[in-house]
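S.K.: Chains W and E are the protein sequences, given in the same order. Residue 1 is where the first sequence starts when you use the working numbering, and the numbers rise one by one after that. Residue 835 is where the second sequence starts when you use the working numbering, and the numbers rise one by one after that.
Simulated from the structure, these hints should not be mistaken for laboratory data. Predicted model only: the values in this text are computed from it and were never measured. For glycine and all other residues, C-beta sits at the position ideal for the given N, C-alpha and C. Mixed in with the good hints there might be a few duds.
Said to hold, decoys possible - Sample of chain W residues facing chain E (criterion: CB under 8 Å; computed from the structure):
hint	residue
1	Ser143
2	Glu144
3	Gly237
4	Leu347
5	Pro576
6	Phe608
7	Gly612
8	Gln650
9	Ala669
10	Ser752
11	Ser755
To be verified - Pairs of lysine-lysine residues, derived as DSSO-like cross-links and limited to a Cα-Cα distance of at most 30 Å, are as follows:
hint	chain 1	residue 1	chain 2	residue 2
12	W	Lys411	W	Lys201
13	E	Lys870	E	Lys891
14	E	Lys1136	W	Lys168
15	W	Lys784	E	Lys931
16	E	Lys1040	W	Lys659
17	E	Lys1040	W	Lys621
18	E	Lys1136	W	Lys167
19	W	Lys411	W	Lys495
20	W	Lys554	E	Lys936
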Amino acid sequence: MGKQEAEGGCGVVGLACNVPLEGKYLLQSLVQMRNRGNGKGGGIAAVGLVPEQLGVSEKILEQDYILQVAYLDKSVRKQLEDEHIRPFFVVDYEARVDAVDDYRTIPGLEVEPPEVYRYFVRIKGDVLEEFVRKNNLERLKESEVEDEFLYQNSYRLNQQYYSSLGKKKAFVVSHGKNMVVLKLVGYGDDVVKYYRIEDFKAHVWIGHHRYPTKGRVWHPGGAHPFVGLHEALVHNGDFANYHSIMEYLAQRNIHPLFLTDTEVSVLLFDLLSRVYKYPLEYLIEALAPTTERDFEMLPAEKKRIYRLIQSTHIHGSPDGPWFFIVARNDVEKNAWQLLGITDTSMLRPQVFAVQEGPIKIGIIASERQAINAVLGKLQEDQRIPGRFADSYWNARGGSFTDGGAFLFTVKDGGDGKVLECADKFGKVIDLPKQDWLPNSGSSVSLNASIAIQLQKGPKAQDPLGFYDYVRPALRDAGFQYVGEILEELKRLAMKGQESGQFAIKTLSVLYDRIYDTGNKKRSSLLQLYREALNDVFSSISMSNSDLYTRLDWKNRSRLVHPLGSQVLVVDALEFPAEGDESAARFVVDAHTQGWKNILLYNLRGHRFIGSGLGPRTNGLKIDCYGDVGDYVASGIDGCEITVHGAAQDQAAQILKYGKLVVHGDVGQAFMYAAKGGDVYVLGNAAGRPLINAVGRPRVVINGTCLDYLAESFMAGDPYNGGGFVVVNGLKPSFDGRYVEQEYPYPGSNLFSLASGGAIFIRDPYRKVSSEQLNGGRLADFTMKDWELILPFLQENEKLFGISVKTDLLTVQETQLDPRQVYRKIEPITLQELA
Amino acid sequence: MGNLELIVEKHSERIHHGLEVLPNLRHGLPEGLGNKRWTAELILATYEMALTGDLPKNGLEYKTGNSGGGFDVLGWKNNGSAKVESDKIDLSIELNKRDDGKKITIPLPIYGGGMSFGSISLNFMLARARAAKRLNTFMSTGEGGYPDDIVPYRDHVITQVATGMFGVREETIQYAPIVEFKYAQGAKPGLGGHLLADKVTSEVAKMRESSMFTSLYSPFPFHSVYSVEDHKKHVDWIKTVNPRALVSVKVSTPTDVDMVAIGSYHAGANIIHIDGGYGGTGAAPEIAKKNIAMPVEYAIPKVHDYLMSEGVRDEIVLIASGGIRTADDIAKAIALGADGCVVATAEAIAVGCTHCGNCERGRGCQVGITTTDPELSRFIEPEWGETRIVNLFTAWSKRLRSILAGFGLENVRDLRGRRDLLVRYK
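Bound-form chain E, shown alone (with noise of 0.2 Å):
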């Protein structure tokens, strides 16, 4: 073994044992660890069930966090006792629901956001395609290009046509089962997307085909597509290079986000993906996160009930992403109106994301998951990754059956719009 081999060896021990540890709270709650979204005691709820794929036993909260607003101020009306056996609950969701085109089945309403190649290293980009493999749902490339090893999952990779368009090519649209165009990202919407320069290394910058060590920015639209009738030429677009291709849109939450909805539905989107403004983002300037775009438990009623006043609300999939953190929150959001989730930062808290915020740097995370150095990105081994995110989400599933289960509902699809089944605190 060489020096490195020992250094990161060394380091990827104290990690895994620090996310082991941390949990069991016998050294109390980490000072400074979290924040009022993220509590300390959710990330460390996500570590533990990362580890064991269970609900947290010891107490931790693991449901909502404390930032007086949002999921945080919503709770269940009844969750009692179990009225349906857990395991006769489905929680799959259909994402096509238009009567032409593949039918693609996931059995739980999640699937993994885009994080780009250059923004998040390889070893964690694979963690999370191996873990959307076994779990078959998917996760999505972002806008980075498609690395050559994740082609092996390309079934359960999204591959994302984002307004810089960077390794996008026609081979990686033909791999997808699903073409994700993201107009806007929650945490920044109009302000296009930035890789600042320290991450930009040769890997990137190859992959990306840009020059090294300069930073990255996606303009804020898409040059070709400035109105509704250009956005129905770029599906049309992605459909004649890949034909089968299920068509997501991403967007964020304007105050005309239902606008925009029923827009993408007639220029034939099988998914309408809307990420509110807590989403998480290294890169988005201070300023822009959670002030630009609606909260997320707000766009999704609206959007909900405008698609079903336009009578078309079961020919559409409504995702909602942007600040979604646990089970609960995935709930609330189905009961607000959506059909299911995506989540990323969640992905990466399992991994031991301490949710410091210091992403846009190249060296800046310390546990190897935002990071394009390459000693740091190989503390984390996509097996190990893939486990914790398996395990995450299998311990989410069964938050959802219990919720499910205490209203007597044996599908989660039975779930959507339940907005009577919510009630708000104070």
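Okay, chain W solo, but in the shape it has when bound (with noise of 0.2 Å):
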């Protein structure tokens, strides 16, 4: 059986909270993720509901399976009930789904969504007793069975209405107990806005777009989520090893309808969850295999378990780029749970967050633009106290470190639910005890020394020196405290030119910089800079004559050459993300007309930041506020961007020349085919950084990758021009001070291949293994190799306050010399290249 629908990639958002949230949150990540599909399916999958929404009571909703069954030809619906419906089940409650009265209303959907009939139900006794008479099931438990018995049900039902003949008239979307799932051909938000469930709760919550791109007829049967029994799966990815599951699956009497990889990737879920009841970790090992040397570094008795599930089912692990979202009931466990796990070697964008406050909720997506997109939206309806989520990370596939997945769960706590957060092992991801921004604040005068400080010099001129002195107040004092602060901060923006640009330049420095918060989240501080610079940016007035003066997308024929050396302020907001009238190409044309420099804030995913500049563009200062997109800085050549916040996959690709910061971490291929340039990274890179890079790329790191550091890095002899990484292995803790991470790299490639260039690590404990090389060679660091990166170390200082002195050379509070400190790793000549 071949694989009938050709699947590409896609934009997934899976949420999960200890309070239900309605389905709107959802959106504005979906549409700012449109890019990642074609319009040709999308779908929503919700789990853990709440009953009053639904016509039923609570235990109804406990115990009754939901079948949900879309009906593409409504004629067939009491033929269909008649056969596979009523002489099986109890129905306890019944209804169409609501949903708009014509789907042309919205705009953009080309194809009529099913009509879905959602049934309660519960297996009749005497049904169930003949089906475990029938098949001999008298060993499984009373839930087993009827899952099972459920479960058959739907696949003839699906064979009989969908598949057979290419006949597609009805199918079951869903029917796990306490779940839904809705699709249709289109973007998921669609989904949203045509079934109407803005304001239908749930606790987990999934949307997908599709990329389909054989048939001209798309299908929602084709759209994800894909059901196995209480779980449903979207998926972002290929595999190359599609034949071989199905021949894994065939063996064991499963035979997939929908002929897509997903349908596949949720029976082999199902497989392994309820009919070889595998713990979580185990079911994720049989998908995504500990290899290399995180194998190696596992614990004995996990290596000699994983060995044997590895044996048993690699046929059955998907090969190839992929990434999925599981939302799952885990009944008996009475549990609602988030899943995400990635491939073993990472190919697909994956970013995880958590935040606490009133409510705690954790988002996995893929772009961090999509999760600031879903806080975004709770921030405005004031139901979490900011945008920023206390703590973004991605997962190392496959990796001894976390197993490459998390898993959110949303379970009874003490006093209502509560939302836990663990990897792959059960590690449970914590976070301090801290204060979040209160949702009303009341504005108080300002501590008269503080203000002071504004108004005299020279502090009054000198961002940083101002930073060094309220540091210990940001530390110590309140949210309202701050709130002042700003207050002032913003007056002083009012005022005048240089004021106006201290007063930028000063909550720059706020926003960008770790320091320690005391008892307030760093999370909620973020809220409080990002909105005083936003006030700030948007009272700039239109086309003056001002040091700044702003455009927007409505006034964006307005741009003309600048009056000496002003500053461009563009609101981004509603600029495309890409395209002929992006952003991006906005940035271009204020180049061409002589702009040198350039401030965007309001940025959702706007990608290609600084592409398209051409040749030599020294000179010109680009500075992005808010969630920067895809390929930042890609293909520069001599100017400087500076990423305020994080950055996000193919960041830097091709840069050439010139200088990139960046206040946070930095995605998937990071500084792919590099020629050069002086990059500073705040946070960590993930997979496969600075791959095939050539020429002189200078780069500091503080943070460290997920693996395949600065494979075939050809740049030179460094001593001479030539290129080399610095890899710090450092963090923030959460009260403000840069710590060491567990490992200074994790994974198991480390500068393969490499012909040119080096890469210095710190690595005082000597976690680094020779086994981590596959061509490099850890050699002696040098007094010369510090003088070689000593500059770039000051210059790292100077940008995110990490001192030489105390963060980097300070080991376990004793200074030492940077030999102890540093690690080098060159290339060697290998065969291969030679």
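Both chains come to you apart, so use the hints to assemble them.
M.R.: Given below as structure tokens:
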């Protein structure tokens, strides 16, 4: 049987919360990821529902299966019910799923979505007895038998009404307990609108855009999510071994009907969880095996079990790029779960995040900007204090460190539901107990000493001096006090050009830097800074002759050449994320007009910022505020880009020359095939940074990387103008210090097949081992090396406040010689490369 | 004149002389020349056409090889006397069939494929660029950078963006009327690109900004593209850098090449370029050549039919390459469903390649084509090479016209998909 639907990539988002949230919170993130789908398939899943909204009692919601049937041909409903529902089930409640009257009122919907009926069903006693007797299932628990019966019944229904002879008249969209799935031919956000689930509440949600490429007539049956039994799965990627997995399933008498690799994935999941009853850890191991050095790093007992799992299931392990998000009802434990699993090689984008406040929410998405879009909407509605998560991270696929998967579980706590986050190994991710921003602050006049400080020199002209001055206050004082400082800075911004510049620079330092925030959550402070910055930016008037002038989408045609060293402030909000009229092209236009200082704010995933400027752009400075999208700074040649916050995937691809500063993490394939540039990253890089880089890139990564750092690095002789990467392996602690990560570099592949350049890694405990190298060599770090990297570390100190002396060279409170702290990895001449 | 100049002059003179006299067969077919696909006769016929700009008059076989398969077992059903006047026949094809973007028409259904600076000499690259300009068609940079010397020909130069992105800079993307994404090469799909250490001279290393005399590998995938939405983003990136560029997507021919083609279409490609398993490259491992990718004669109809059934065939240009040796091969590829063809090896033969297959070593090429040796690479003067390539394509155009005339077709575009005109021998 061939795969009938060509899968491409997709845009995915999932969230889990200790209180039920409305479907509308998925909307903005899905809208902002539309460029990851093509409008040929969208879907949502919701788990952990609210009985009143469904018209049933709590008991029914807990006990019954929610059988949802999508009718593509409305006329078959009666017949289908008589054949597949009424004879076997007690239907406690049934209803048509609400939808808008005319699908054409939703722009872009071309295919009428299916009419969905929802049946709350229990299996009739005699039916179940007969089923047990016929199939000799006496050994099974009653709930297991019920699951199996329901599953088989849905399979027969799908076979008859969907897959056989290309009928496609009706199919089961979902049938698990306390979960529903809806999908159509369109975008994921169309589902929310069409089925009117903006106000429908659930504890766990996933949303998906699909990008299928085959077939002129796309079908809602092919859209994600796909269901097993009590789980729904969305998938971004494509398997290379689809046929092998089909064989694996066929050997276990499982025959997919919808012919996409996503259906196959969820069937695998169902097989491993429901039939083999694997605990989640082993299930994940069967899907994404731990390999290479990561396997060797496992404890002996785990190795033994994993080895057995791998030898049994390797043929069923999806090979290739994939990322799964699963929403699941763990019926037995009465818990609802959101799970993200990445493939062993981490070939698809993935970001995890968690925020704890009045509610606790965990989010998984293809892009960080989509996470912030969900949080942003919740913040706007005053459900949460801010649009920033307390923590963002990537999973390291098939690894001994986190297992490449994270799980958010909503379960009963002492007082209502709680949300817990854990990795594959069950290690719980805890957040420190800190205060979050109260929803409404009262404004009080500013503390006199700060006001005086702000109004007089010389610190008034020195943002860093001011920052140093207020640091103790930022630690010890409450949110209100910080709010007062910000109010004063906003007032200053109005006062004139110079004080305006001071205000923007000071706010940026507060926003960018890591420092001790005391009992206050940094994510809450970021919200305050962001609001203040946006207030300042938005108050800049359009097309004037001041130092700062502003334009937005509506006024973009008013772009003219600058007066002197003016700064162009661009409100990027309504610019498209890509294309001829994108924010990136507007930057190119502005540069062509002669602008040398461009500041973008309200970015929300805008791609390619800095691309298209062409060669020799020395002297141009671009500042990005908000959520910058993929490919930022790609191809720049001379200019300087500062990302206030994190960057996403493919940043700085083929970067030629210039400077890039990222006050946060960077995503996948960072600096792929870069030729040069001085680049400073405050946080981590995800997978594959600096692959195939040549020339003279000089890079400082203060965090670490997931894996494959500087594979095929060809950047010449570092002492003679070639390139290198410094990895500091640090992370900010919640109290604003830089602390060592558990491993300065956890991956199995470091500097593989490199033929030039060098890696300098801060590794005072000598944790990096030669097993991580494939073609490189650990060499003595000499004072010559120190002289080479010191200027870059000093610049790093200036940019991020990471002190060479006290943060980098100090180990366990003792300052060491650089040679005791850093290690060097250099290329060796490989047979393969000679 | 210094010694070096004298040596170069002597060798060039002898090579040029050989290329002129060998095709007249006064000494018979040279032993050891060619192989079953590129037979000695085909090579000599190509030399002759490159010299005269006309089809061989002495009975040299110039239409097919002797491989026992592929285009060599396809013939024309009825290729009788001309039913249309030859000069009325239009050989031009459009390279952008979409509604938006710049329209580019080339006067013959052929352009030059990617051969990188480093894999070939600068002089041969220049010869190709000059020929492309004179013929008003294109050649592709391959993946090795964009030497300054070819910038004057930029309106006829396709910038290739391949997986190593060697030498790809914003200006090289901005020069290009067409940007070609090379996802894979038919000769070695899934194996990336190789340039062995011997050829990585200081000049080559400088262009690619790598280390001298160290082998260069392009990864087998684009590390920024693991799925179709990544590809769309990749295309959007190139269009941000150069909004006017047409986009060509070059892929090899796996069994699901039709899926790849439709995916490329949906991501906005103007050209889908399928490179079959017979493609030439000196650096591909023997085991890969002809053994991984599907032969292009299978892939063309598969893709053509699929694009037809999806209703998008007339919005995308299908270009075939990988073992296109003759005008007959081109016509057959078109009859199978392609719009046109890309050739590279044939251009090398035009300037004296003997298809010996020793391309991977820096000094290996005795006629100065696939070399970076400063002495050998001077055997090909750009003007001379230009003339030879122009002559070859001129002769091919004559043959194409005669095929079309035999079927009464006035336009090469009417030949597309006319499998009914083909017959299979044996």
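S.K.: Within a Cα-Cα threshold of 30 Å, do E:Lys1040 and W:Lys621 meet the stated pairing?
M.R.: With Cα atoms ~28 Å apart, E:Lys1040 and W:Lys621 stay inside 30 Å; holds.
S.K.: Was the hint right that W:Ser755 lines chain E, CB cutoff 8 Å?
M.R.: 4 Å, holds
S.K.: Min Cβ distance, W:Gly612 to chain E: is it shorter than 8 Å?
M.R.: Since chain E brings a Cβ to about 5 Å from W:Gly612, closer than 8 Å, the hint holds.
S.K.: Hint check: E:Lys870 vs E:Lys891, CA-CA at most 30 Å. Holds or violated?
M.R.: Judged against 30 Å, a Cα distance of about 22 Å means the pair holds.
S.K.: Checking one constraint from the list: CA of W:Lys411 to CA of W:Lys201, max 30 Å. Satisfied?
M.R.: Holds - the C-alpha atoms of W:Lys201 and W:Lys411 are around 16 Å apart, at most 30 Å.
S.K.: Take the shortest C-beta to C-beta distance between W:Ala669 and chain E; is it under 8 Å?
M.R.: Check passed: Cβ of W:Ala669 comes within 5 Å of chain E, closer than 8 Å.
S.K.: Holds or violated: is the Cβ of W:Leu347 closer than 8 Å to a Cβ in chain E?
M.R.: W:Leu347 check passes; min Cβ-Cβ to chain E is 5 Å, inside 8 Å.
S.K.: Against chain E, run the beta carbon of W:Phe608 and see if the smallest gap drops under 8 Å.
M.R.: Status holds, d = 4 Å.
S.K.: Would you check whether W:Glu144 satisfies its interface hint, that is, whether its CB is within less than 8 Å of any CB in chain E?
M.R.: 37 Å, violated
S.K.: Should the interface hint for W:Ser752 be scored as holding, given a Cβ-Cβ cut-off of 8 Å against chain E?
M.R.: 11 Å, violated
S.K.: Taking the least C-beta to C-beta distance, is W:Gly237 closer than 8 Å to chain E?
M.R.: Hint on W:Gly237: holds, closest Cβ of chain E at ~6 Å, below 8 Å.
S.K.: Interface hint check: W:Ser143, Cβ to nearest Cβ on chain E, cutoff 8 Å. Holds or violated?
M.R.: With Cβ-Cβ at 38 Å, over 8 Å, it is violated.
Hints 1, 2, 5, 10, 15, 19 from the list above are not met by this structure, while the remaining hints are.
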